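Colleague: For reference, the chains in residue letters:
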Amino acid sequence: MMNFTPAYPEIFLLLAIAAILLIDMFLSDSKRVVTHYLSLFALVVTALLTMSDLGSGTSEYTFNNMFLSDPMSNMLKLFSYLAVAMTLVYSRQYSTDRGILGGELGGEFYVLALFSLLGQMVMISGNNVLIIYLGLELMSLALYALVALRRNNVGSTEAAMKYFVLGALASGFLLYGISMLYGATGTLDLSEIARISSSVTANKTILVFAIVFIVSGLAFKLGAAPFHMWVPDVYQGSPTAVTLLLGAAPKLAAFAICFRLLVEGLFTLAVDWQQMLIVLSVLSMAVGNIVALAQTNLKRMLAYSTISHMGFMLLGFVSGVSNGHVDLNVAASAYASSMFYVITYVITTLGTFGMILLLSRNGFEAEQIDDLKGLSKRSPWFALVMLMLMFSLAGIPPLMGFYAKFSVLQAVLGTGQVWLAVVAVLFSLIGAFYYLRVVKVMWFDEPADDNKIVAGAEMRLVLSLNGLAVIALGVVPESLMNACLVAITKTLAS
Amino acid sequence: MMQSTSILLSLAIWLPIAFGIFVIAVGNDENPGLVRIISLIGAVASFLVTLPLSTGFDNAAHGMQFVEHASWIARFNVNYFLGIDGISLWLVILTAFISIIVVVAGWVVIEKRVAQYMGSFLILSGLMIGVFCALDGLLFYVFFEATLIPMYIIIGIWGGANRVYASFKFFLYTLMGSLLTLVAIIYLYSLSKSFSILDWHQLPLTLHQQILIFLAFLAAFAVKVPMWPVHTWLPDAHVEAPTGGSVVLAAIMLKLGAYGFLRFSLPIAPDASHYLSGFIITLSLIAVIYIGLVALVQTDMKKLVAYSSIAHMGFVTLGFFMFNDMSVQGGLVQMISHGFVSGAMFLCIGVLYDRVHSRQIVDYGGVVNTMPKFAAFFVLFSMANCGLPATSGFVGEFMVIIGAVKFNFWIGLLAATALIFGAAYSLWMVKRVVFGAVVHQHVKELVDLSSREFLMLAVLAIAVLAMGLYPEPFTAAMQTSVTDLLAHVAKTKINAF
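Residue numbers (our numbering), protein chains in the order written: chain A, 9 to 502; chain B, 7 to 503.
Excised from the complex, chain A in its bound form (with noise of 0.2 angstroms):
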């Protein structure tokens, strides 16, 4: 008999979407409500079976070795559930205005979404390179429809074009990869490929192939320089709703790969893919702040933004090994800066495009920078929020973003690398101009229109709550940090 037991949040999210799917045909527009709260009564479900399993901090494997769960599995996908939920809230008076919850196909929008974070979490629990590329090809085909949801409008269809284009031939880079990787260890399970990588007859030209097709697949799902094209076109493009879908939780399932892949699967070669990741960084930091500073348009900005935000975060994987020497604690507090990192930002962009979709209504999309132009005297308390949301990506202290940008210069300066952790700070500096753009048009710039904030009480308690948590996450960042670091240090140890 099989142990299903590390698969159960999995397997209660198939069930619960399929019944949401089931029982979304029978209800009527105005009774869509129903759908929202089954979904996310779903979610909190599936966040109390896996924190059932959070106690254990072991790795338990299943469906012979090839998923398993462990603390940074955990705690990854107690994240993206957060996301997810966070988003549908934002997004449900937005969706429901645009039509996208009506219609023979309003339910789909849940059962989509749903259907992406479930291939989130077979990518963020899978330990074979199919089962990893399976869960990524699912939650990629969710995220292709949703930002199609809105057929006849023209922006949404060319983003899905774009989007999924080239998310195919990201895919294909993958696999290939892949291909690569099981033609040079024989195996598709990483523990058997970290083993006969490490070993001497390995061969290690094909790997360093293997490698160079996987980061350019990992960099296109990041949306790290040169491989950032996408990034731009579909974040604007999408119903807002959607961008915070793709934007948000995938990151978190993104860095579950990078890591399962580069690090759990191929450490032995972490010189030969760190050089690689140094390169897509330092790229990334230059290409999304300089770009993002002429931008008009907030999603567009958000989105250069949120390249030049992956960069930092790989600051911290090319830090885990230096000068060829391996220390497991050094590695460990490199990883968690990242994952920590990641987190940050997946909190402060749900915060911020949140904002957005408080602000947009019926037949108004507030995705212009000016579009926020005094909006510290149509709604003080808002504006506030948004001022701590732009001040923590910029990265100012005392918000959660200094502590992200700070926990990844740590591990950058630990392994001595001081160049990069000087190109890092000035890029940011460079950063911080178009987010205190946004805060001086929030704040000094006189109201353009006076229409009253329309928002339900539920969206306004999470939106606030999101922000006080980047105030919060910065005066008492410690636990967080710590939760990061047991479960990579727990992860790698297993």
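Derived DSS-like pairs: lysine-lysine, alpha-carbon spacing no greater than 30 angstroms straight-line: (1) B:Lys118 x A:Lys460; (2) B:Lys309 x B:Lys437; (3) B:Lys118 x A:Lys381; (4) A:Lys385 x B:Lys175.
Derived by calculation from the structure, the hints in this document are not laboratory data. Nothing here was measured: the structure is a model prediction, and the numbers come from that model.
Assemble chain B onto chain A, guided by the hints.
Modeller: Positioned in the frame of chain A, the structure of chain B alone reads:
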């Protein structure tokens, strides 16, 4: 010594911040009166909690006093570690004192978004006190950077016509310097596995390391002081900021940089400090002389005082890098004195601006005829600004010049010559603004000081005169700390391996 025995410093930091948050949370433009009263209570209460620091301070004791120590981020050995010595004591009290003045100065002048204005200043005040008290490198950095947020808002919302430009310049300039400092702080951690500034003081470093660290700190502190040639943000920020913002900038924010030299650069990198002292002294002398000349030709009063601030801060850094008791103490006294005097000068200009809405010198002339009380204060503060004996301005400059002569006669001579420029620009401005014939109609219609304005200027005047006549309490508190610091700086760290 490391036990938590007192919560006074925490109170001094968090009380104004708590009041600031409270004011922003409850206040709106329908009840400005209430907001002002709560803010005043907050500022006065915050000042009162700093007084026991002065009375309880042991002048003879070595090391830090009122120490608080609690774990903050154990993984990186970051602690909530506070303490003050003779160097920071008066800066803490000065900060709390200036906050009261700022609240009073904005009393009726600020009409829009009163709660946000008062709240920003109270929060800013708490953060700046935090900078002076922090003994943990990361804690220092957090406070140091966090001050940018309220100041950016203050300049941007309540500033003048060109406020957006000034606020961005202020923010980005300062951020540029402090980001490099962040790298240095983390680098020091990776060497010492500690964030305690006191541990860093004892950390052996090679000259090469020291120079890099010194330059990284210099990037932040030189911008903040500001030293020539990275001073250009200051005139813009001063001119555009509301009166309260200018007062806080000149009186306290500039001191954050100068304080940083004494807390970080000198003791952590003593050999680099000696090695590069010629460089810093040159920059300081350029600031004193060249910026003094620049001040002379200004037509905008606020700009003139802003440039005079840069020149005065040049005296401070000059004093610090001559490494003798007299010059370092002189620099510290000059910091406190400049806090009072420049604050008062900006308040005076604010008083005129509120009435005429112009900062141009040519728009005034003969103000003494219509505002005799104001003129008396303005003349007094200008005299203090150019270092007249019996005012606080004299004590610090005199000590720095004595120290400079001890160090090198020619540097002393140059610095002393610069005093003439100080006198020239201050007195010439007084002559053109206060005296002379009344040529403008609006000057004829000026109303003299209200009791509120009189009160705040009088308090500052008393402070300026008291410090000028009896500087003993200030210097006595500094004596031990400065001597210890210099003894520490005199020892090389290179051979400590």
